[in-house]
Amino acid sequence: MTSKLEIPETQVVDLSVKIAITTALAAAFFLAFTPILIRISESFISPNATIFHRFWIATAILGLWQVVFLRNRQANLPIKKFTEINKIWLPLAVMAIAFVSTQLLWATSIAQTTVANSEVLHCLSPGFTTLAAWALFSQKFGGRFITGMVVATGGTIAIGFSDMFSSISLAGDGLAFLSAIFWGGYIMSMEKLRTWLSPTVILIWASGSCTLLSLGVLIITGDRLFPSSGAAWLTLIVMAFNTIIAHSLIAYSIKWLSSGLMTTILLISPVITAIMGWFLFSETLTLLNLLGFAVILVGIYLAISDTGELKVLEE
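Under the working numbering, think of the first position of the sequence shown as 261, with each following residue one higher.
Think of the hints as simulated: they come from the structure by calculation, not from any bench.
Positions of the beta carbon are idealized from the N, C-alpha and C atoms, including for glycine.
Check each hint, because a few of them may be wrong.
Unchecked claim - Calculated lysine-lysine pairs in the DSBU-like style (CA-CA distance at most 35 Å, straight line):
hint, residue 1, residue 2
1, K278, K452
2, K278, K347
3, K515, K278
4, K400, K452
5, K347, K452
6, K515, K347
7, K400, K278
8, K400, K347
9, K515, K452
10, K515, K400
To be verified - Simulated restraints on C-beta separations:
hint, residue 1, residue 2, range
11, I406, T481, 38 to 44 Å
12, A320, R299, 39 to 45 Å
13, L557, W394, 37 to 43 Å
14, L275, A491, 41 to 47 Å
15, S488, Y561, 44 to 50 Å
16, S565, R299, 17 to 23 Å
17, A320, T546, 23 to 29 Å
18, R299, I406, 31 to 37 Å
19, L551, L485, 43 to 49 Å
20, L324, W493, 16 to 22 Å
21, L548, L391, 23 to 29 Å
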């Protein structure tokens with residue numbers, strides 16, 4: 261007679277949370293490539309065309325993956341609670357609008373201001389996300405998390421501080437600032453949708469909606485639709501795969517992490533972007549940059565250590 265080994269539920273939850281935090285950090289790594297890829301793409305086509313091609317390619321890849329997955333694994337429909345299906349439409353609509361808005365605003369800001377300015381202002385989303393969660397859902401936050409979020413945001417600003425005034429564009433900076441607000445809305449709506457939908461279905465909806473809405477913007481602006489070089493297409497394809505990986509990781513980990521904590525963890529992305537710029541393009545890292553890196557890591561650690569921002573969910 262053999263005995264069945266039972267793993268305590270607390271250990272399973274702790275492991276899931278650790279995996280979610282690791283996954284969120286991995287998402288930040290892939291997100292760090294986004295501004296670089298956008299800047300390269302915008303040397304070939306307009307920001308609006310960049311967004312359109314990036315997301316129709318991502319939608320096609322995700323759709324193919326979903327079809328193959330359902331056929332081979334005979335998976336059920338991704339909606340887990342059919343009695344609550346009506347609750348998904350509002351967050352779906354919010355996510356579609358927020359996602360296309362943040363992508364178009366961010367891409368346009370990168371074309372009008374410096375990458376440093378755009379990246380720093382885009383990374384102000386933790387403050388907006390936390391404020392919205394408090395105002396809309398009466399969510400309470402621990403002092404350790406608030407401290408960590410403020411510290412990490414301050415470190416992010418320190419990284420780009422030396423470049424923020426080198427090339428001032430109020431229009432570009434304003435667009436990056438708005439993109440941070442919509443990015444927070446996107447993460448919050450994804451957090452709600454993960455109760456019912458799988459990461460793949462959420463991303464298909466997000467990227468498909470972004471494709472259609474950005475096509476409408478593209479038609480209105482009259483920008484050239486197709487790139488004329490293989491290098492441009494290669495950049496767009498790489499960007500689409502990078503988008504799928506990064507946002508899939510976010511959608512997975514948001515099930516165990518609050519949206520405020522998620523956006524705070526993603527603040528490590530500018531650190532990775534700066535390091536890649538130093539390694540790949542021999543860009544200079546100042547003492548203020550290095551100090552900002554350390555401050556961000558301390559802030560993220562403080563935010564993660566606030567257990568109130570970790571969720572225990574029932575499958």
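Structure-based check of each hint:
no.	hint	verdict
1	K278 to K452	21 Å, holds
2	K278 to K347	29 Å, holds
3	K515 to K278	12 Å, holds
4	K400 to K452	17 Å, holds
5	K347 to K452	10 Å, holds
6	K515 to K347	17 Å, holds
7	K400 to K278	22 Å, holds
8	K400 to K347	23 Å, holds
9	K515 to K452	9 Å, holds
10	K515 to K400	18 Å, holds
11	I406 to T481: 38 to 44 Å	41 Å, holds
12	A320 to R299: 39 to 45 Å	24 Å, violated
13	L557 to W394: 37 to 43 Å	26 Å, violated
14	L275 to A491: 41 to 47 Å	43 Å, holds
15	S488 to Y561: 44 to 50 Å	47 Å, holds
16	S565 to R299: 17 to 23 Å	35 Å, violated
17	A320 to T546: 23 to 29 Å	42 Å, violated
18	R299 to I406: 31 to 37 Å	33 Å, holds
19	L551 to L485: 43 to 49 Å	45 Å, holds
20	L324 to W493: 16 to 22 Å	18 Å, holds
21	L548 to L391: 23 to 29 Å	28 Å, holds
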